[in-house]
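Now for the letters of each chain:
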Amino acid sequence: MQANQRKFSKIYDTYVESIYRFIYIKVNSQEIAQDLTSEVFLRVWKSYQKQNLKNPRAFLYTTARHIVIDYYRTNKRTISIESIDIEDSAQDIGKKEEASSLIQQNIRKLKEDYQNVLILRYVDDLSITEISKILDKTKGATRTLLHRALSELRKQIV
Amino acid sequence: MDNKELAKKIRSLKSITPDNDWVLATKDFILEPEYTLVKARGFSFRLQPALAIPILMFVIVGSGIGLHLTLNNSNSIELAESRATTYLAMAEEKLAQNIDDEGIKEVGDMLDKAVDKLAKSPKNPTESAEIVEHISSINKKVEELEIEELKEKTQVLTAVASESIETGIENTTQALVENLIKVLEIQELSEEQAELFTQAKIDYNNKNYNKALETILMLTNE
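Residue numbers (numbering that gives the first Met the number 0), protein chains in the order written: chain A, 0 to 157; chain B, 0 to 221.
Simulated from the structure, these hints should not be mistaken for lab results. Among the clues, some could well be false.
Simulated pairs of lysine-lysine, BS3-like, Cα-Cα distance not exceeding 30 Å [claimed, not checked]:
1. Lys3/B - Lys108/A
2. Lys7/B - Lys132/A
3. Lys49/A - Lys9/A
Computed footprint of chain B on chain A; a stretch qualifies when at least three of its residues, placed anywhere within it, have a C-beta under 8 Å from a C-beta of chain B [as the list claims (entries may be wrong)]:
4. 3-12
5. 15-25
6. 35-45
7. 102-112
8. 139-153
Even glycine gets a Cβ: it sits at the ideal position worked out from N, Cα and C.
Using the sequences and the hints, build the whole thing.
So this is what it looks like as structure tokens:
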């Protein structure tokens with residue numbers, strides 16, 4: 000195995016779980032999450048071979064965001080949140096706790112920016128600085144976004 | 000509910016983890032030294048005859064389904080869309096390199112994965128076009144390089160792809176006819192048209208969607 004492969008292998012091992020989770024929460028399907036996660040790493044691996052990435056985590060999340068957006072853009076006419084929820088509940092009963100599933104459904108109903116900031120902050124435990132880099136926002140704007148996302152999520156749950 | 004409680008609930012999503020086998024298999028596929036994603040391609044009809052006709056029909060009928068899908072968001076024909084194209088692109092790319100025994104085995108694995116994905120759901124017109132182009136190219140390369148180990152796999156792949164695309168055509172035709180029936184239900188029809196419409200509904204209910212579509216097309220010409 001070449002040096003760049005070994006390095007990328009480490010990057011893959013470090014982030015595959017969090018990138019998969021980030022995507023899964025948004026698409027709510029194991030099969031689609033696997034496909035899109037593969038695409039993320041393929042695309043990043045391709046870039047990695049051309050240039051050394053200064054911040055692979057930010058690059059991976061940014062790529063994941065774009066791929067999910069592309070996926071929904073392509074499939075927007077045929078996918079509704081309700082239908083995915085039904086499919087998910089039928090397929091994944093017993094695999095996930097009910098509470099997790101409910102919070103996931105509520106997060107998916109939020110707008111994309113709110114989903115991202117909540118997942119990155121509370122599921123992936125990233126700092127505001129790291130999130131601001133991934134979302135390409137200032138730290139202040141990221142804090143505000145997080146605050147608004149929490150408020151919106153609370154409204155969904157109540 | 001305060002922010003701490005809300006954060007705790009969100010953190011419960013940490014329990015989502017990918018399947019370990021998938022994680023390892025994907026890493027193996029990705030970390031090929033010269034691997035690069037195949038760039039987007041244009042559609043070409045340099046296809047095997049067995050696939051050319053279904054795909055052409057599918058593309059034609061598919062243009063009609065766009066209307067139906069716009070009107071009926073609950074339709075989930077494309078919901079389970081999988082990415083057989085990713086595996087096919089990887090196999091195609093691998094075959095373009097100087098392939099050794101290990102590479103042949105990997106291509107075989109990719110083709111198996113593609114077959115698995117293809118068998119799971121019908122395809123939309125765009126994806127079908129990509130699938131057919133990839134398969135056509137892979138078949139050609141396998142023949143050229145005389146890779147006996149892969150010949151059987153490519154035959155299975157071609158057969159499964161044909162079946163998947165045919166299923167897509169049937170589903171598309173069904174959805175199209177269903178939508179046309181809905182539209183015609185509220186139209187004022189002549190006696191001859193009403194007769195044909197009744198026949199079309201009978202054909203539809205008997206799952207003879209092609210016949211139903213044909214009758215509806217005759218009806219609109221009356």
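Evaluated hints:
With a CA separation close to 21 Å, the supplied pair Lys3/B and Lys108/A stays within the 30 Å bound. Taken as a hint, the Lys7/B and Lys132/A pair is honoured in the structure, with Cα atoms around 24 Å apart against an allowance of 30 Å. Only pairs whose Cα atoms come within 30 Å are accepted, and Lys49/A paired with Lys9/A is accepted, the gap being roughly 18 Å. For the stretch 3-12 of chain A, the assignment as covered by chain B holds, since 5 residues bring a beta-carbon within under 8 Å of that chain's beta-carbons and 3 suffice.
Counting residues of the stretch 15-25 of chain A whose beta carbon lies closer than 8 Å to any beta carbon of chain B gives 6, which reaches the threshold of three, so the coverage claim holds. Closer than 8 Å: that is the beta-carbon criterion, and the stretch 35-45 of chain A has 8 residues meeting it against chain B, so the requirement of 3 holds. As drawn, the stretch 102-112 of chain A meets chain B at 3 residues by the rule of a beta-carbon pair under 8 Å; at three or more, the given contact holds. Figure legend: the stretch 139-153 of chain A, annotated as covered by chain B; annotation consistent (3 residues with Cβ-Cβ distances under 8 Å, at least 3 required).
Figure legend: structure checked against the earlier numbered hints; every hint is met.
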